[in-house]
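Novice: Generate coordinates for the entire structure from the input sequences, incorporating the hints supplied.
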Amino acid sequence: MVGKEQAMEFLERVLKFPASGPLEARLTHDRLALTRFAASSIHQNMVKDNITLRLRVVIGKKIGTATVNSTALADVRRALGVAERLAKLQADDPDFVSLPTPTAFVAARTFYPETAQCSPARRAEAVAVLADTAAAANVEAYGSYATETNEIAVANSLGVRAYNCSTTAYLRTVMMSPHHQGTGYADFLSRDIDDINPKVLGEEAAERCCLGENAREMPTGEYEVVLTPYAVSDMVRFLGYLGFTASSLQEGMSFMAGRLGERVTGENISIWDDALDPDTLNLPFDCEGVAKRRVSLIEDGVAAGVVYDSYAAHKEGLLSTGHASRQRGGMPANLVMAPGNSSLAAMVKSTRRGIYITRFHYTHCPDPVNVIMTGTTRDGTYFIENGEIKYPIKNLRLTDSVLRVFSHVSHISAERKLQRDWWGTFTSLLPALKADKCNFSGATTF
Amino acid sequence: MQDLLRIAIREAERLGADYADVRYMERKSEPINMKNGAIVSLSLQEEQGFGIRVMVNGAWGFASRSVTTETELKHAAAEAVAVAKAAAKVSKSPTNFAPLDATQAVYRTKVQKDPFTVPLEDKLELLVDVDRALRADPAIRIAEASLLSLCERKWFMSSEGSDIEQTIVETGANIAATAAGAGDMQRRSFSNYGQAGYEFVEGLNLKSLAADLATEAKHLLAADTCPVLDTTLILGSSQLALQVHESCGHPIELDRVLGSEASFAGTSFLALGMEQDYRYGSPEVTIVADATVPGGLGSFGYDDEGVPAQRTTIVDKGKFVNFLTSRETAPLLEQASNGAMRADGAMNLPLVRMTNINLSPGDWTLDEIIKDTKHGIFMESPKSWSLDDKRLNFHFSTEYAYEVKDGAITRLLKNPAYTDMTTHFWPACDAVAGKVPGEWQLWGMPSCAKGEPVQIAHVAHGAAPARFRDVRVGVGK
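In order, the protein sequence lines correspond to chains A and B.
Mapping to my numbering: the first sequence position 149 is 882, numbers consecutive.
Mapping to my numbering: the second sequence position 415 is 683, numbers consecutive.
None of these hints come from the bench; they were simulated from the model.
Computed from a prediction, not measured in an experiment: that's the story for all the values here.
Each hint should be verified, as a subset may be incorrect.
Computed spacing ranges between beta-carbons, pair by pair [as the list claims (entries may be wrong)]: (1) 810/A <-> 382/B: 21 to 27 Å; (2) 382/B <-> 1010/A: 47 to 53 Å; (3) 487/B <-> 1010/A: 46 to 52 Å; (4) 1147/A <-> 547/B: 49 to 55 Å; (5) 584/B <-> 871/A: 37 to 43 Å; (6) 404/B <-> 742/A: 49 to 55 Å; (7) 451/B <-> 952/A: 31 to 37 Å; (8) 810/A <-> 404/B: 29 to 35 Å.
Ideal Cβ positions, reconstructed from N, Cα and C, are used throughout, including at glycine.
Specialist: Printed below as a string of structure tokens:
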């Protein structure tokens, strides 16, 4: 680890370099340890350690950036020269106002030493537990176990100073029967590796896998659906990156454009972004060093707002909500959906004729304005009839508007899970849902 | 550099590695993104670092660092060995690593104009001109234009004695016009990248393309919506390139077949043994993996295991004959690696990746295909793509389509989409164009995601328009 003292000292030195205008320096240090396994055997095992410095120079209303993964002062000086040259070449950006000014943020507990110090042996032991659990069910385990330590330090000429160090541990597994007829999935994500129980995870995936044998074909059409948080995460993802950003609203591309204050989903749906909630992958500030704020996005089914970085906020005379990301315009990072009072078991029980969906694969959005998503189910898809899971079914392709599905949600679970979507775009705190209408446009053969 | 890298290999061997290779890379990229006339980002990104891969007791270990000093190289070597030893405890059988002769070689992209010596002013001027052309009509709400210049210099050294230096240069552009009106939005875009100098960008004729795209986006607003029906589908070259990528390129990666990507990217409907007698497509369909194509984003001198670039037939007149392999997976087919191990930089592990996966040109022209089609839909330009985790069921939407009736193009259609099964689609191909120059084009795609952590590969696909019978179109808007 670089550490707070050393990181901030380094940034202070960088800010003292002569520059033609306000300067922002962001230092990130990421250490990833990852074990991947297939057929209950480790096939990739790695450690990656990367340090990156990003400099952003402002000359009037022109911005230039340069990135190097070095802290050697000669490299920093050269990068600064490049950023200045790039800034000077540009025309003024009339929408740019300023780099952010300091905001007060509260340091949060985001670092867990057990996670940071996890050894390859500990990860291997977890894989062995999954392999044993799989063997007991006559199936095999596939997946990955990652631990990360991420440091971020931000400083700018206007007084922003911010440092944070966080950890994450993420274990996920797909269990597959010998001829891959049945598959089952489970994952768990936390800042604290001690929260992860490989045996419980393995049993969840193995149970789903064994339930998946001898899947039957299912006609396409409209069904009731029971969606686990794994599946909900891929639906919320589209709302997140297509609709909840200030830039998409300002450009008129968001489904929220022209509809703020109007109903967009069922009134039982509320979604907000809250990086201060310790049940999320919490963080005190964004990559501009601006304090994170809770932002209501959909409140009781009504379009309520979007998240901002400093650029997008200043454009409207607002303050950043602390959602700067790699892309300009703001991006949610800690989506939270309000819980209900139901459970997965109650959802199944209430279903007359429906589909239980564990998760989706490779979803995409053919129509962003109407948030139409398409993607196939995987790793545990079952037919529900008269309140009971009847039998596994071959995977189906869901093609429907997320807004339409979320307008027909009848049950929301009280229990929520910290969930990363398939693409890894967001980590969200999500309940399971039951929707009374959902359209399936196709089916696959397994 | 080589002397420094040798230190890591010696250290790994001293600590008990049976095999070690080390890669070092310096990567420089200059993305420029403009939206509605304003620069959204203009940056120079430099990255350097090394990765050492070792095999101990038949298990792999890998460690990488951005700081390349003798101390860090030794630490990384020790860490890689420790990681491999831990992996060996949960490995069913030792890795069978195909032998390879040591190679000393240098490979460089043939470049006429080094993109990093072209004045930035010239690049910005081009983008401004493109932006003006895109926004000439008030119906265009959003105009986007971007240029990318990239240079990678990398070294590969192994305990077997290989010593390879490669310099790869890439350039390309992406432009798009989004029209809005009457409660609708329609987008037309163009994107292509090549392993070449700035002459590649100059050859794209972006200003003229931009004007065409803006007009097309506006016309789409007034177009009829693509109907839902089972019909004959004709795909344009760029859409077919993506189709090849998704429903041919990914399923033939042998590591996916073996389950290495099961929890994220998925597996494959293909299995070992199917290379003996499986019919992938109709006799019109021949697919090659060719890492030697000049200008291809998937071209190189040597892969990231030191295996020379090759041209491998994957589908021969419809018959499936081979997978993409590595030194670890090829022995399962009793073959040597066909050179498809590629890593996103030196700090990531190499994986089995696509190179340039090309659909060979056929003996039709697009005109002949249209004239020979009684009823059908011509679709072009990718908009969205989604496939199941075995790469069987797929759904693509494209930016535009034309109805084909009685051998002629008729009305423009918006919101086109099609869905099918890979196992039905390729056998249903009955005509591939490419008889006349220009119909077969190579499309560079610098954004193929795979692996954990996610790695982005730069690949390319050559394709000419082709026809497919009995495909469901118009599904899901």
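Novice: All hints are to be evaluated individually against the structure, with a verdict given for each.
Specialist: Each hint tested on the structure:
no. : hint                         : in the structure
1   : 810/A <-> 382/B: 21 to 27 Å  : holds, 24 Å
2   : 382/B <-> 1010/A: 47 to 53 Å : holds, 50 Å
3   : 487/B <-> 1010/A: 46 to 52 Å : holds, 48 Å
4   : 1147/A <-> 547/B: 49 to 55 Å : holds, 52 Å
5   : 584/B <-> 871/A: 37 to 43 Å  : holds, 38 Å
6   : 404/B <-> 742/A: 49 to 55 Å  : holds, 52 Å
7   : 451/B <-> 952/A: 31 to 37 Å  : holds, 33 Å
8   : 810/A <-> 404/B: 29 to 35 Å  : violated, 43 Å
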